[in-house]
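Here the working numbering is used: the first residue of the sequence shown is 106, the next is one more, and so on.
Just so you know, the hints here were simulated from the structure itself, not pulled from any lab data.
Mixed in with the good hints, there may be bad ones.
Claimed, not checked - Simulated pairs of lysine-lysine, BS3-like, Cα-Cα distance not exceeding 27 Å:
{"#": "1", "residue 1": "Lys308", "residue 2": "Lys295"}
{"#": "2", "residue 1": "Lys365", "residue 2": "Lys394"}
{"#": "3", "residue 1": "Lys264", "residue 2": "Lys354"}
{"#": "4", "residue 1": "Lys394", "residue 2": "Lys310"}
{"#": "5", "residue 1": "Lys295", "residue 2": "Lys257"}
{"#": "6", "residue 1": "Lys310", "residue 2": "Lys437"}
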Amino acid sequence: MCKGTFFQNLMKIIIVILCVYIGVRCVSIMTKEEIKDQTGNVINDASDIIVKELVENGDVMKQYMLYIENHKSLSTAAKKKVLNEIVSEYIAKSEYTYNIDDPGYKQVINLVYENAKSTETKENPTTKKNIDKTNKTTKKIKKDKAVKTATKTIVPKPKINGKVYTESNIGSFNNILSKYYIVTSATTFKEADMPLKSAINEKFKIKGNNKKPQILIYHTHSREEFVNSNGNDDTTIIGVGDRLCKILKEQFGYNVIHDKTYYDIVNGRLDRNEAYDQSRVGVRKIIKKYPSISLILDVHRDGVNTGTKLVTEINGKSTAQVMFFNGMSRFKTTGDIGYLYNPYLYENLALAFQMKLNAECYYPGFARHNYVNAYKYNLDLCKQSMLIEVGAQTNTYQEAKNAAEPLAWLINIVMGKNKDNN
């Protein structure tokens, strides 16, 4: 018997029984106690005959009973409750209405349970085996789903559109410096800080699986806005972080935390003087709680002259350009800044370098020159840390959100588990 036919029959049976029950109760009002016992007998006899017939021909109900009987920890009352809810669900979808608190309705549920239970010992052992196998398969599917959540393509895979850099064609440090870097007058950036052949071959990887957090996105300057921002988080740099988080989660399957704390708001007012100190405290708490995090991204937007527009076109969309930002913990005049020591300076530089080279390969014109300044910018909190400027105040927030798409791909290309096959 098919599932639909079975439950259609069940509905009809319930209607018949309830009609009989209601009719008898009406008569009972007039005759009081005379036929009370007869009423019970009529309901019991009619229900017993009909339900037995239904159960014997209802394969769906048999399988259901076998399933719940395998859960030995469930009490009889609990099993009846489950059955009651299943029947109620189908009743709710029918064109008729029923009073499930009516004793007649509950009696039918009890009869279905008792009669269906009595048939389980007659079942073919092969049926039980198949049900057990199905249950195991279902558990395995759920387990696999918990690990692999990437299910859809949000951003198309990029093709090679520019130069592919290797150890053999990277050229000299000075050539790379002049071509791809801006170093402020406050600091120095030397080849000893980032030997090119070593940096281009450095291995970066987002560790673990998505059972635990892998990536942290936060915003030291959380209130940075764009030319058409309206004050809502979705139209600020936080909205860009949301977009990046969504792609990294849903397309690439990473476990991502997006920290939306306003680190540049003090006592209700915008104050960026202590923002890096504030964000440092917040980020350290997060990575202490989730030591599985292996990539930290501080996402900003830049500030430029009003006539400057940082925009390119990618996949037919107007897209804000990005910039990878590094701090040397060093003054040009006095040398290394001891209290800003960064044990991961080389790794930070090499990671930003690889991001820039891959941007030139897959998205020429997307990444501006890497920017190098004197301070630390909390990049010492993790070996794999990046400070990324997405667009500027002259970009629209839509352009900045669009930039999250190629940015997510670059992160996966440089650091993904299957990066060699990207």
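*asked:* Lys365 and Lys394 were given as a pair; does the straight-line alpha-carbon distance stay at or below 27 Å?
replied: 17 Å, holds
*Proposed proximity, Lys437 with Lys310 (alpha carbon, max 27 Å)*: 32 Å, violated
*Does Lys257 lie within 27 Å of Lys295 when you go C-alpha to C-alpha?*
43 Å, violated
*Hey, Lys308 versus Lys295, does the alpha-carbon distance stay inside 27 Å?*
Status holds; Cα separation ~21 Å.
*Is Lys394 within 27 Å of Lys310, Cα to Cα?*
With Cα atoms ~21 Å apart, Lys394 and Lys310 stay inside 27 Å; holds.
*Can the restraint linking Lys264 and Lys354 be considered satisfied, given a maximum Cα separation of 27 Å?*
Judged against 27 Å, a Cα distance of about 22 Å means the pair holds.
Hint check: violations occur at hints 5, 6; the rest are consistent with the structure.
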